[in-house]
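What follows is each chain in one-letter form.
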Amino acid sequence: MPMNKKLLLILLIGLVFLTGCWGKVEIENRGFVVGTAIDLEEKKGNGKYKLVMTNQLINPAAATTPSNAGNAQKGFMNISVDDESLFAASRKMRQLTNLIPYYQHLKVILVSEAVLSQPGLFTDVMDVFVRNHELRRGVKVFVTKDKANKILEYVPEVEKTPSMFLDKLANNGKNAGLLEPKKIDRLQNIFIYERSYFVPRVKLENNKIVYDDVVVVQGSNNQMVGILNAEETKGLLYITSPTKGGSIEANFDGNSINVETTNAKTKIKLTNKDKENLAFSLKVNFEGSIEEHYGQANLLTEKSLVEIEAALEKDIKKMVERTIEKVQKEYKLDVLKFGDTIRRDHYDLWKTIVDNWDRGENYFSKSTVDVKVEANIISTGASNRIKQKGKRDE
Amino acid sequence: MARTSFFNRRKMKTSKSKQENQIKTTIELGTNLADNLKNIRTLLGEPGDLIIRETTLGETDTKCAIVYLSGLVDQDLVNNNILKVIQSNINEIDTNRINEVFQQIIAITDIKKGTKFDDVINSLLSGSTLFYLDDMDTVLILGTTGGERRSIEEPQSEALIRGPREGFVESVHTNIALLRRDIKNPNLRFKSYEVGKKSKRTIVVSYLEGIINPTLLKEVNRRLKSINLDIVSESGFLEQWIEDSFLSPFPQMINTERPDRVSSSLLQGKVAILVDGTPFALIAPITYSETLKSLEDYYERWLVGTLIRILRYLGTFIALFLPAIYIALVSYHQGMIPTELAFSIALTREGVPFPSFVEALLMIITMEILQEAGARLPKNLGQTIGIVGGLVIGEAAVSASIVSPVMVIVVGLTAISSFTNPSYSAGIGFRMLRLTFMIAAAILGLYGIILAYIMLNIHIANLKSFGVPYSAPFAPTYFSDWKDTIIRVPITMLEKQPKYMKIEDSKAKSNEEEQK
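Keeping their order, the protein sequence lines are chains A and B. Using UniProt numbering, the final residue of the first sequence is 394, and nothing's skipped along the way. Using UniProt numbering, the final residue of the second sequence is 516, and nothing's skipped along the way.
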C-alpha cells in the first residue's frame with residue numbers, strides 16, 4: 001500500500017512536467033508593438049468600414065544602441081494591414097513577420113480624424129484595445145490631423161521611435177504647457193457615461209511633430225465636431241489642469257514679461273440653480289514666478305507687482321473666456337466638465353437635467369459663466385536687477 | 001487510511017534506542033598486577049603509545065604500575081605529581097593501601113576509583129592515567145587529560161569586524177571554560193553525556209537554570225538519550241539525529257563557533273550542545289528569523305544594525321528569487337519589464353540558442369561548481385578559481401553567445417546575495433530552494449513561483465524546532481518579539497527574553513517550586 005502511494009506521488013509530480021510550459025514565448029521572439037495607428041481606408045456600403053492598422057515594431061538592435069551619424073538604421077519597422085476589424089488585421093500581421101506581435105508595451109494609439117468623423121466608429125475601434133487582456137490601461141490615445149501612419153514614420157532625433165517620442169513628449173513635466181493625454185481607461189469611462197470630451201491632436205508640420213491642439217468629440221455619437229486651436233487649448237489648460245499651464249507672457253511697462261506657473265488651482269461652483277439660467281463661477285488662483293523680463297524697471301516693488309498681476313489676470317481671463325465661449329456657444333458640448341460640478345454638488349438637480357445637459361434642451365449652452373482670476377507673483381527670479389537705468393557707477 | 005511513513009516525519013525511532021554506549025568486554029579486574037597489565041596490552045593490541053611504568057611504592061616492596069597513553073596526557077603532571085610522589089618516601093602501607101594512596105599521596109585533584117575494567121579502559125582512552133597496585137582489584141583513575149591541542153583562535157567561519165576574537169576549540173573543557181567566563185552565574189548548568197557505541201564522546205548540554213523552560217530541557221534530554229550512533233565525531237551527527245524534520249531544507253539548530261553567540265542564546269532560555277572534538281556548538285531551539293541574525297547587529301548601534309538586517313533580508317530574497325524571476329519575466333511576462341529594459345534584454349538574448357531556463361541553469365550550476373571548488377581548494381590556488389571563474393566563464397560565455405550579459409549580472413548578484421546569510425548551513429538550504437523556484441518559474445512563470453512560495457510557506461509554518469514554531473514570532477504572532485526580527489530596536493528596549501520561548505511559564509513554575 002505505501003508503495004502504491006509513493007508511485008502515485010511520483011506520477012502526480014510527473015504530471016506537472018508533462019503539461020509543458022504553456023504560454024511560454026522567449027523575449028527575443030516577441031515583436032514589441034510600441035505604437036498603433038488606425039486609418040480609415042474606405043467606407044463600405046453596408047455600414048462597414050475598411051480600416052488600415054499600422055503597427056510599429058521595435059527593432060531591438062537599433063533601438064537600444066546609441067545612434068551615430070554613419071549608422072542610420074531605423075529603430076523600428078512599421079507593418080500595415082487592412083481589414084474590416086482590427087483583431088483580424090492584427091492576426092494577419094503574424095504572417096508578415098517572424099515575430100509575434102506583443103502589445104504589453106504599447107505606448108500610443110493614433111487615430112486619424114477620418115475615423116473620428118464617422119459616427120460611432122471611434123468607440124468601435126477602441127473596443128479591441130480596452131477589451132484585450134494584453135493591453136495596459138495607460139496607453140495614450142492621440143488623434144492625428146492627417147493619416148495616422150504618417151506620424152509613425154517620423155524619425156525623432158533623440159528617441160529611437162516616434163511612439164516613444166510621443167509617449168515621453170506627453171509626459172513632459174508640469175511646466176511644459178502641454179495637455180495631459182487621454183488614456184484608454186479614461187476613454188472607457190467617458191464612453192460608458194456618454195460624455196462629450198476632447199482628445200489631444202498631433203500633426204506633422206515641416207517634418208516636426210506639433211502637439212498643441214485638441215479635437216472636440218460629441219458624446220452622444222462619438223463623432224468629432226471640431227477643434228480647439230492652440231490658443232484655445234491654452235485656455236482649456238487653465239480650466240482642466242491649471243498646474244500644467246506652463247509659462248504665460250504679459251505686458252508690463254511696455255515691455256514683455258514671462259511668468260511661469262508654479263502653482264495654480266481652478267474652482268468651478270454653481271451659483272444659480274435655476275435650470276433655465278444656470279450660472280457658474282469659475283475662479284483661477286494662479287501663482288507664478290517671473291522668469292524673463294525685457295526692460296529695466298525694478299520689479300520688486302509693490303506697485304510693479306500689482307501691475308504685473310493685473311496684467312496677468314487680464315490675459316488669463318481673456319484666454320479662459322474665449323475657450324468657454326467657443327465650447328459653449330459654437331460646439332455646445334460640455335468638454336470642460338461643468339456637468340461634473342453639478343453632479344457632485346447638486347445631485348438632485350443633476351438628475352433632472354442630465355438628459356438635456358449638452359444635448360436636447362442643452363442647458364449647458366444656456367448657462368452663464370463668471371470667470372475670476374487671481375494672480376500672484378511669488379518670486380521675481382534669482383536676481384531682481386540685471387540692469388537698471390541711472391545706476392551707472394559714479 | 002493510515003498515513004504513509006513517507007510523510008510521517010515525526011515518528012521517532014525510540015524503540016530501538018536501548019542504550020549500548022559502553023564498550024563491552026568480558027575481562028574482569030584481577031588482583032594480580034602482571035595479569036592486569038597483560039589484559040590491557042592484549043586488549044589494545046600493544047600499541048606504541050601505551051606507556052606502562054612499573055615501579056614500587058616508595059621504599060616498600062609493593063609493586064605498582066602507572067599506565068597511560070602518551071599524547072593524551074599532560075606529561076608534566078604524570079611525572080611530577082604522580083611518579084615523583086610515589087617513588088619518594090613511603091615506608092609503611094596499611095591494609096587499605098589503595099585508599100591511602102588515593103587520599104594522601106597522589107597530588108592530583110581529580111581522582112576516581114575504578115572497579116570495572118570497562119570503565120577503566122574508557123578512562124584510559126580519554127586521557128586518564130591508571131594507577132595499579134599489586135594485590136588490589138581496584139584501580140585509581142587519575143584525571144591527567146592534556147596533550148597537544150589547538151589553542152584558542154579567532155573563529156574562521158564567523159569572523160566579525162567588531163566583537164570578541166575568541167572561538168571555541170576542539171576541547172569541550174576549554175569550551176565550557178569559555179562559557180563560564182562569559183556567564184558568571186551559579187545557575188549556569190553543564191550536563192554531560194557519553195554518547196557513541198564504538199567510541200564514546202562527551203556531549204555537554206548547557207543551559208541556564210531558572211530561565212530555561214523545563215519541558216524544553218526534558219525534550220532535549222529525551223532526544224539525546226535516543227542517540228544510537230557508532231561515533232559522534234562532529235556536532236553535525238548529533239544535529240541530524242535529534243532534529244525535528246530531516247526532509248526540511250532549513251536547519252533547525254544553529255551551529256556556531258562563537259562563545260558570545262552561545263551565551264547570548266543561553267540567556268534567552270535556549271539550550272547549547274557542546275561536543276568534544278569539534279569547535280561547533282549547537283543552539284536550539286531556533287526560529288527562521290534567528291538564522292538571519294548576526295551578533296554584530298547587536299554590537300553596532302541600532303540604526304546600523306537595523307539597516308544591515310534589512311539588507312540581509314533583501315539579500316536572502318534576491319538569492320532565493322532573482323534567477324526565478326528573471327526566467328519568469330523573460331519567458332512569460334515580458335510586459336512586466338520596463339519598456340527600455342525589455343528591448344535591451346531582447347537584444348542581448350538575440351543569438352543565445354537556449355531558452356532562458358537552460359541559460360540560467362547553466363550559469364547557476366557553473367557558479368555552484370566554482371563555489372564548491374573554491375571551498376575545497378588550498379588557499380594559494382584560490383586565485384586560479386577567480387581567474388577561471390570570473391574571466392573565462394563569465395566573459396567568454398557571453399562573447400560566445402552561450403549566455404546573455406544580463407544573465408551574468410543576475411547570477412553574479414545572486415551569488416553575492418547568498419553570502420549575506422550569516423549562517424552557512426542556512427545558506428546551503430537556500431541554494432537548493434533557488435533551483436526549485438527556477439524550475440517552478442520555467443514551468444508556470446510567476447504563477448509557478450507563487451505556487452512554490454506558498455508551498456514553502458506551508459512547510460515553514462509546519463516546521464518546529466524543539467517545539468518552537470519555526471515561523472515564530474510571525475506566525476504564532478508575538479508582537480513584542482518583532483522588535484528583534486527585521487528591525488533591531490535600541491538595546492535599551494530589548495530587556496525581555498523572547499516570548500516564543502515561553503520563559504514566563506518556567507519562571508512561574510520555578511517560583512512555585514521554591515514556595516513548596
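Derived from the structure by calculation, the hints contain no laboratory data. Possibly wrong hints are sitting among the right ones.
Claimed, not checked - Within a straight-line C-alpha distance of at most 20 angstroms, the following computed DMTMM-like cross-link-like pairs (lysine to aspartate or glutamate) qualify:
id	chain 1	residue 1	chain 2	residue 2
1	A	Lys326	A	Asp212
2	B	Lys483	B	Glu340
3	A	Lys168	B	Glu340
4	B	Lys225	B	Glu243
5	A	Lys24	B	Glu395
6	A	Lys326	A	Glu287
7	A	Lys366	A	Glu276
8	A	Lys317	A	Glu287
9	A	Lys74	B	Glu340
10	A	Lys303	A	Asp253
11	A	Lys44	A	Glu159
12	A	Lys74	B	Glu350
Exercise. Is the Cα-Cα distance between lysine 326 of chain A and glutamate 287 of chain A 20 angstroms or less?
Worked result: violated, 26 angstroms
Exercise. Taking 20 angstroms as the top limit, are the C-alpha atoms of lysine 24 of chain A and glutamate 395 of chain B close enough?
Worked result: Status violated; Cα separation ~28 angstroms.
Exercise. Does the alpha-carbon distance linking lysine 326 of chain A and aspartate 212 of chain A stay inside the 20 angstroms limit?
Worked result: holds, 17 angstroms
For this session: Decide if the proposed pair is consistent with the structure: lysine 483 of chain B and glutamate 340 of chain B, CA atoms, cutoff 20 angstroms inclusive.
Result: Not OK: lysine 483 of chain B and glutamate 340 of chain B at ~41 angstroms, beyond 20 angstroms, violated.
Exercise. Quick one, are lysine 74 of chain A and glutamate 340 of chain B close enough, alpha carbons at most 20 angstroms?
Worked result: Roughly 16 angstroms separates the two Cα atoms, so the pair holds.
For this session: With a cut-off of 20 angstroms on the C-alpha distance, tell me whether lysine 225 of chain B and glutamate 243 of chain B pass.
Result: OK: lysine 225 of chain B and glutamate 243 of chain B at ~13 angstroms, within 20 angstroms.
Exercise. When you check the alpha-carbon spacing of lysine 366 of chain A and glutamate 276 of chain A, does it fall within 20 angstroms?
Worked result: Within the cut-off at roughly 7 angstroms; holds.
Exercise. Do the alpha carbons of lysine 44 of chain A and glutamate 159 of chain A lie within 20 angstroms of each other, as the hint requires?
Worked result: violated, 38 angstroms
Exercise. Quick one, are lysine 317 of chain A and glutamate 287 of chain A close enough, alpha carbons at most 20 angstroms?
Worked result: holds, 14 angstroms
Exercise. Is the straight-line distance between the alpha-carbon of lysine 74 of chain A and that of glutamate 350 of chain B 20 angstroms or less?
Worked result: At roughly 18 angstroms apart (the allowed maximum being 20 angstroms), glutamate 350 of chain B and lysine 74 of chain A satisfy the hint.
Exercise. Are the Cα positions of lysine 168 of chain A and glutamate 340 of chain B separated by 20 angstroms at most?
Worked result: holds, 12 angstroms
Exercise. Between lysine 303 of chain A and aspartate 253 of chain A, is the straight-line Cα distance small enough, at 20 angstroms or below?
Worked result: holds, 12 angstroms
Comparing the model with each numbered hint stated earlier shows that hints 2, 5, 6, 11 do not hold.
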